[in-house]
Each structure stands twice: as C-alpha cells, then as structure tokens.
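Protein chains: 2
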Amino acid sequence: MADKIKSLTVLDLRFPTSLNKDGSDAMNKNPDYSCPYLTLETESGLKGYGMTFTLGRGNNIVCEAIKLLSHLVVGQDTSKIFADFGSFWRSLTSEDQIRWLGPEKGVMHMAVAGIVNALWDLWAKKEKKPLWKLLVDLEPEQLVATIDFRHIEDCLTKEEAIEMLQNMKVGKEKREQEMRDTGFPAYTTSCAWLGYSEEKIMRLCKEAKAQGFTRFKMKVGADLEDDKRRAGVLRDTMGQDHLLMVDANQKWEVPQAIAWMKELVPFRLTWIEEPTSPDDVLGHLEIAKALNPLGIGIATGEQCQNRIMFKQFLKSGAMQYCQIDCCRMGGVNEVLAVILLARKFKVPVCPHGGGVGLCEYIQHMSMFDYIAVSGSLENRMIEYTDHLHEHFHHPCEIKNGCYMPPEAPGFSIEMKDTSLADYEWPHGKVWQRLISDGIYKLLD
Amino acid sequence: MADKIKSLTVLDLRFPTSLNKDGSDAMNKNPDYSCPYLTLETESGLKGYGMTFTLGRGNNIVCEAIKLLSHLVVGQDTSKIFADFGSFWRSLTSEDQIRWLGPEKGVMHMAVAGIVNALWDLWAKKEKKPLWKLLVDLEPEQLVATIDFRHIEDCLTKEEAIEMLQNMKVGKEKREQEMRDTGFPAYTTSCAWLGYSEEKIMRLCKEAKAQGFTRFKMKVGADLEDDKRRAGVLRDTMGQDHLLMVDANQKWEVPQAIAWMKELVPFRLTWIEEPTSPDDVLGHLEIAKALNPLGIGIATGEQCQNRIMFKQFLKSGAMQYCQIDCCRMGGVNEVLAVILLARKFKVPVCPHGGGVGLCEYIQHMSMFDYIAVSGSLENRMIEYTDHLHEHFHHPCEIKNGCYMPPEAPGFSIEMKDTSLADYEWPHGKVWQRLISDGIYKLLD
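Chains as they are written, first to last, in the numbering used here: chain A, 1 to 444; chain B, 1 to 444.
Only chain A is shown next, with the shape it has when bound in the complex (with noise of 0.2 angstroms):
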C-alpha cells in the first residue's frame, strides 16, 4: 500500500565527549561524538529515525548534505523504495552531479547512510520488527534486491549471493534461538582509551571483567614504552587466558607499523586494527604478510569508505578482521554487501561499535550475519564501549559480555526528546551551559 515519506527533518547533536578524554586515541585527541539526527515521517504518521556518526565539528556539514539529498527521498512512495531498495540507493549515490563530490565516499557517502539508515528503521517499524529480525526473515531475492553491485560484480554477482543465502537457511531457526538464549559475544574498548592513566585502566578492567567481559581492546601507537606498559597492565588484571586487541589508529607509516608490532608480540595479541592508512589495501597487504605469521591479524574498516575497498582488503588477503561500521558506508544496503563478500572470501564479521549510537546499530548487522549469512561465531565479536548509551529509548543490552538481540520494532536508534533538548548545538540546554561558561567557544 503507497505510503509516501512526507518530511525529512535533521538535527545537529553534539556530546561534550570530549571533557573527559573519552574516545581519545592516536589520531583523535579530543573527539566529542556527534551525529546528524534524522527524522523520515511518512503520510500515515509512520516515522523512521536514522543517523551518521561524527567527532564533532563539522557534524553541520553532514547535516547540509543530507538536506541536499533531501528532495530525492520526500515525496517518494516507501512501498516502492522497499520494493527495489537497491535501486532507491542508487539513486542517493549516484545522482548525476552530487556523485562527483565522492563519489560513493566521506561528506556526502555518510549522509546517505543517514537517510536510508532511517528507510530501514522505517521499514521494520512498519513490520513490526527489530531490525535484524527484518533482515533473517526476507528472501534472499528480496534481500539482494537491497544491494547495489556495481563494481563488485567481479568478486561477486547476485545470482551467487542469492545461493549463498539459500544454502544458509538449514539452521536459520535454531541460530535465531541461540542468539536469544545467549546473545552475540562482545569485546569492550572502554577501559583503555589513550589518555586514561595506569589505574584507570585496572579499574575499568576488573569492572568489566566482572560483567562478564573476556576481550578488550587497548589504543597504541603514541609512545612504544608507553603501550608495553599499559598492555603489560591491561593483561595481567584481565588474565592470560582471554583475547586482546590493540588499535592504532592509522598511525603508522607501513614499516613502522610492523617495527612496532613486533615489540608488541610477547602480549600476544589477536589483532593490529588500523595500523596505517584506511586507504591503504596494499600496505595493509604488506602489514599482513609480515604479522599474521607471528599470530597477529590486520583488522580494518570502521573508515573504510565503500564495498569497492572492502571487496579489495577482502580478497587480496590484507584484512582478516573486518570491522563493518553502519554509517562510514552508504548505510545498511552497503554494509549487507560486505557482509556478503566477507562471507565469501572467509573473514570473519567484527563490528566497529562505539561513539554514540554504533552500537545500538551494528548488533543488528551481527545478529543477522550469524543468522542468515555465516553460522559462525568463530573469530566474531562486536565491539562494546559504555558511553551515550543513556540516550536511546532502546539501548543495546550487555549479558555476560554478550550483545542480547534487540526486541522492538525498528534499528533501536530513537533518540529521547530530553537528549534532543540538550544536546542540540549550538541551543540545546548543555551547551548554552558550556558555552556561557567558556568552557567551549563557537567557531563554525
């Protein structure tokens, strides 16, 4: 039945993250998590909420662009858009003059993750289903019919995605089953951020290991004495027996990366993620080569901008954890066609969660992965980290360092109109505060 979207609306919000070193790694100092809020409103009163995540400045500038597409989705009939979503995202990405400020990538790439993000809150609101639940359910035709393939058909068609996902419905029912009784693992970053000291860290640590948490992962790349110290720390108080990861953010020129790494060896580490340049499928390649004798895998992706770099890292060997993140990428759409190329080139799933909102997002895509794509949770976890979470009307749930499957309707993003009222930049109640207290100045 024709529902056509009749408003588009976007806020501003900005976290003052930032004041308490929160998110602080190699590369970003003094990140305040931000999003572009979206809401989709439909001519029957449905509406879909979506968002891109930022580190603040700047967060006015992915606001601008998704007005700019703005004209492309309102007036559109959502039954047809769900119809070939696919086609629908084309559309977004490839509009014929807005394509050459990517294309497919950055600014404009992170706004149209934002909006259909939104369709498809849309989508399982309209259903009566958690996202994820959405996604286990449709056909595979219909779920490919989600997907752009263009320039991804040579490592993979949609005739073999299809095949994929049919050979996968033995067990779908018992997977789904699993998922509630015991939820998806996940891995914390909270305890061991850049600019947190030594006691922090045993402190947040032995908290988490008394939720239930047995991964963690540590931010490197500033000082090599430094890291040994503090993954000498983290590794004592988690225990020898539990898996550790370290980040570095980009950081490293490529021999760099791999001088340092093998410093680092005696923590026996899972991975290295982001060791040198988002961009670099080849350095990354050079990287692999060199660690993943010594144990260490090369996982990568949270700024990486579009399946064409993923097809890329995945085949030629140079990621062996791929770190999905629901609006780096063109949205959910993108996201489900890497999971089918990881899928295909055997590399397991590992969600970039975090900031504000990502979280709440991704357990989404995991839960599905394991349900309908991969069956596997060997190598798999999502990433976890504590902040912002008091925001949402249906937050992530965290059992026994596990993800719990999401029950209500839609991507579990809705925002509560208190957060709006505050933290709004630059009027809402908190930064009216800030600001008059000259703790923040306005630039922009």
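These are calculated hints, taken from the structure and not from any lab test. Given the structure is predicted, the values throughout are model-derived calculations rather than measurements. Every clue listed holds true.
No copy labels: a pair is met if it fits in one copy or bridges any two.
The list that follows gives simulated cross-link-like pairs (lysine to aspartate or glutamate, DMTMM-like), each with its CA atoms no further than 25 angstroms apart:
id, residue 1, residue 2
1, Lys67, Asp417
2, Lys262, Asp226
3, Lys158, Asp223
4, Lys441, Asp96
5, Lys67, Glu41
6, Lys4, Glu127
7, Lys29, Asp96
8, Lys399, Asp241
9, Lys67, Glu424
10, Lys262, Asp154
11, Lys128, Glu397
12, Lys158, Glu286
13, Lys29, Glu95
14, Lys315, Asp154
15, Lys29, Asp84
16, Lys262, Glu153
17, Lys169, Glu127
18, Lys172, Glu407
19, Lys315, Glu286
20, Lys441, Asp77
21, Lys29, Glu153
22, Lys441, Glu95
23, Lys200, Asp96
24, Lys346, Glu286
25, Lys80, Glu159
26, Lys169, Glu407
27, Lys128, Glu141
Here the structure of chain A is known, so what remains is to put chain B in place on it, guided by the hints.
Below, chain B alone, put in the same frame as chain A:
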C-alpha cells in the same frame, strides 16, 4: 616579513553547461560546471584566489566545508605558512575532529584544495612569478617542505625526493626555454562528448586539427555499437597517425571493461581512461594486465582521492598514465607528492583538464613536472577543453596544440568581476534569468 591572513571569503559559482550537453559522459549526463571561489586577503592587501571544481548541485556543501576550515587559516602568518607549508597542510587535513569526515577524501579534501591553492596563488604573486616558475625556482629542500609524506614513506621519503630534484637540476634552464618556445603538448576532449552528434564530432575535430591538435579523446561506455561508429568517425577525421584516447568515466565492471575494450582494439587507442571505479586499484591492475599486451594503457586519477591511492596505483602497475587533478586531491601540495611518486615509478603524468578552471590550474603543474622532475615529454600531454576560459583574467593559451607557459604572476585562477556577478548561485544575473524563465528550479 610577517603578513597575516585577514579574511577568507567564498562564492558559490555555477555555470549552466548542461544546457549544451558540454561535459556529458557515461556517468555524468548533465553537469553544470561549478566552483566554490575563494579570496584570501592579507593585512598588507595581497590577494590570493583559489577554487575547487564540482558539477553543480552540492557546490554549496563544499563552500560550507571551506567556511568550516576558515578559522584555521584566518589570522595565520603567510611567511610562516610558506616556510613550513607541509605542516600547515597537515593542520588542515588532520584537524582533530574534522579528519573523521574524510579522512583526506571527498568534500573536505576538495575544500582543503581550494584553500591551499589560494595560498599558492598568493605566494606566487608575492614572488611576482607564475606558479610554475615559483615551483621551478624553489630549492629542492624548500619544495619538499611543502609536502606531507604521511602514509607514503614506504614508497618515497623526503630525502629521496630531495635527491630526485637535485639530480634534475642539470638542464633546467634549457627545458624552461623549450617550454617558452614551443609549450607543453595538449590533447582535446572537446570534440567528442557523449551527447554530441556525429556531424558535430566531425566539424569540431576538423576545427581542432586546423588549430594544431593531433591528439583527441572520445567518451565511451554507453553503447558499444555507438562507440564503434563514433570512434570510426573520429579516427577517419583525425587521421591514422595521431593519438586517440577513450574515456569510460567509471561505467564498467572489471570483466566488462576488458571485453568492451577488446572490441575497440582496431581503432588503435592509446589509453582507456576510468574503465571502472576510481577506488579499485586491484580491478585496474587486472584490466591493465589484460589490455597492456593489446597496446592499450590504463589512465585514471581525476577522481583519485589522495596520494595514498595514487601510491598504490603507481607502485602496482595498475596505471600507465597518471591523471592528476589540482582540486580533487588536497591541492598543489599533494599534487607535488604524486608527481614525485610518478617519477619514481616511471609513469608519465597527463593531467586532468576541463570543467571550469582546471586547464588554468593544471598547466602550471605540467610545466613544473617537465622542467624540474621528469625532464621528458614522452607519453605526456595535458587535457584541454575549450569551455569557460573567457571568465578568467589570464586564460590558458594554446598554440599549435600546445599549452604555452603562463607569464602573469600567480596561479591563473582569478576571475573577472562580471563573471562573479553573473554566475553566483542563485543570485547572479544569469541564474536569476534562467530561474525566472523556468529553465532552472531552486532545489537546495
């Protein structure tokens, strides 16, 4: 002597080129050549002009991105910037919070290009030299200090770059004189846009030959039989001895590119440009391996986002012609890095011209490349299209199919006041008429 930047202003300029199908190709059917146009003014009253190129809608987003960066520029001392331009460049591309919106790609990177190119214009004017001459006259250490080597040091170090420039000092005066005498070879794309009829192609090709052009480029990729017919017309009109290139503007999948181009082998094509996604290094490599033995090289770069992508294309053999663009990457500083990388991997640089201002910009880079870096004209040529030059105070000058070195101080990008008044979107006189006539609508 200290001379601080007092102000940065930016105008949204657009030209209604889609009305004539100028610039139409397989992916960009109706471009309206546009640019954010910047003016920097110092306390001493010196002015620098810069722009970055877009296809129309979304030009305002790049203008906003430039404004976002402006607090990093206004108040800075130009003499300090020029003494350590590489560090200043990094302060724009790696701003703590804003970097997330790229990094170093898309809208934000194009904004950086506009700003730093205006600074280069200012520097050249201060030295009372055209930009190419400023570059040629800089000592190797000075030139290399303008480049950020982050994430390319595995392929090119600062020391290697200095040595390369030192070694090419021999013969510089002779090559500079050669440029003044005969200029740098051009090829023309203006004869065979996708939307042009066969009659128009024949007429324009004859006119171009009469002006001394011997190298031509044709758009392909929409329909194979049509491509064959148009290639036949163009080849017959231009003659058998001259160079013919084709450009697919990213239209194809990897296997499709190989199959399609095999059909066009009889027309003896020098290169296929942008056969597939500009992000697909490994895809281009596969195409190169299939087509190089048939005498066809791979050209790409006009949408190659940064030095890190170029590094991979150049090192792997995926690119036989390196098509730098002055405002897709982060401006002159990054273009210099790519020119040096291309020299290292022995790949000729054939810049991307066209649009508005790109020819004016890019001629400076090729003059510098020939005189100070490559010392060779073999397989090297600059793209030329004959649109919109009339808006510039110092338009590029073509003689006998060659670009002649600009003599006016600066980067050749300053526009006439009447053009600014006519084409500012949406308030300029031309736009007000087109909008009131109902030919254009206000969307954004």
